[in-house]
Amino acid sequence: MADIALHGPELLKLVALAKKRDLNFAYCPGNDPAEDVFVLDRKKNPEILGRSARGEGSGTKICFGTAKVKGKVMLLTCERELPQTAKKLKKFLKFESIAMNIVVMDIEGNILEEDVEDLGEDPDEADDADDGADEQLNQLKSRAAKLQVAVKNVPTEARPPLTNAFKDAVGAMQGGNLDKADATFSKIEEAITKLADAVANKQSAAPDPALGKLTDVAAGLSKRIDTLGGLDGADRLRAAHGVLEGQIAAGDAKTAAGTAKALGDAVSRVSNQDKVTPIERARADWIKTRSDMRDEITKLQVEIVTVCQGDDFPNIANESKALISYLDAFDSRLERALEALAQETDAARRGKLSEAARSLIGTYQSELDTPFFQAVDAKNGFKPVNVRAAAITSLNKVQEALSAAA
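Mapped onto this note's numbering, the consecutive letters of the sequence shown carry residue numbers 282 to 687.
Among these hints, one or two may not hold up.
Derived lysine-lysine pairs resembling PhoX-like cross-links, with alpha carbons at most 25 Å apart [what the hints assert, rightly or not]:
1. Lys602 with Lys300
2. Lys504 with Lys422
3. Lys542 with Lys433
4. Lys368 with Lys353
5. Lys301 with Lys569
6. Lys422 with Lys433
7. Lys461 with Lys427
8. Lys602 with Lys461
9. Lys422 with Lys475
10. Lys301 with Lys351
11. Lys468 with Lys375
12. Lys569 with Lys580
13. Lys468 with Lys422
14. Lys433 with Lys461
Treat the hints as calculated values from the structure; they're not laboratory data. On a predicted model such as this, the values are computed, not experimentally measured, just so you know.
Just need the whole structure built from these sequences, with the hints factored in.
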């Protein structure tokens, strides 16, 4: 039987990889750390890894599932659990000269056990974690602005629980618990959608023609606002669009008509800002495109899980999570480079910043030519998405802006 147990540099390499993407794992503890068999793998099914680990190790009990590393904490989501995994695995990693805290969870994300102490900050993770947290926080702030208005537009009798939930989400966001804030915002959005559907059903018996026209106008305004990306004022316009949608849902055609006109004028003003340079506009488009790419991959993940339900694909939900890791290569470096270029006035430094931006574009375009991205849009076998095409279009806009600014 091939030796699958990880040790030394090979183990260290895969632990580092687990900081970037979820890996499958299996663990079969022996009588002491030297006899433990611990396996991390990109593709192999965790259950199969478990069988192999038990066959190779001296122990008889195993656990397996998925593993990821955040800073100096290894998070194990177990499909099969084993008591004292946290303590034994931490001891094994220490034996391999890897200082790592261990948190063991069940498939639902409930913490079963942990062995955690202060190991100091992981310098490799600090910058990436800050970038990711900042990006998630900005997205949550945008959602909060729109939801605050939307909650005010729901029927009075349904407003109190949504208001309380919104306050809880904002508190979580301000306290740094971004995942909790994200989950609570999603629940509020779902509730508002259901309320809007109920109002629409009540009004469907005698629809107002003016509301139908306003619905079309609102859809057009939404598309125009989307083209603004992250430009200054775009978030406020999205919040105002939420007000318009609430007025239409409530059947208030007169007020909605006034809001639609005012919003259209505001969109035009933001679109025609003289202070917005081609570089800034291309940067805003790239920021929006990165967000859209994640949304498209999430749609594909949901479709895969929906199609592959059942006993034949017991681990499909966990395995499909790896799809989002393909977007890790598209980080925030280009938008930071474009921001610096937009603010720089010295010709020599602008030239260097422009070359740096072009180099990043080349890196991203090379990634888009890998097999996964060549197939993901139309040949993924499940659902057409717009990932590679959207990225290429946006990067071309950046190239054009760099050429115009040269």
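Now the hints, each set against the structure:
1. Lys602 with Lys300: holds (14 Å)
2. Lys504 with Lys422: With Cα atoms ~21 Å apart, Lys504 and Lys422 stay inside 25 Å; holds.
3. Lys542 with Lys433: Roughly 21 Å between the alpha carbons, so the hint for Lys542 and Lys433 holds.
4. Lys368 with Lys353: holds (15 Å)
5. Lys301 with Lys569: Since the Cα atoms of Lys301 and Lys569 sit roughly 22 Å apart, the hinted pair holds (cutoff 25 Å).
6. Lys422 with Lys433: Judged against 25 Å, a Cα distance of about 17 Å means the pair holds.
7. Lys461 with Lys427: This hinted pair holds, its Cα atoms lying about 18 Å apart.
8. Lys602 with Lys461: holds (19 Å)
9. Lys422 with Lys475: Distance of about 23 Å is within 25 Å: holds.
10. Lys301 with Lys351: holds (9 Å)
11. Lys468 with Lys375: With a Cα-Cα distance of about 41 Å, the restraint between Lys468 and Lys375 is violated, given a limit of 25 Å.
12. Lys569 with Lys580: Between Lys569 and Lys580 the Cα gap is close to 17 Å, so the pair holds against 25 Å.
13. Lys468 with Lys422: With Cα atoms ~16 Å apart, Lys468 and Lys422 stay inside 25 Å; holds.
14. Lys433 with Lys461: Distance of about 22 Å is within 25 Å: holds.
The structure shown violates just one earlier hint, number 11.
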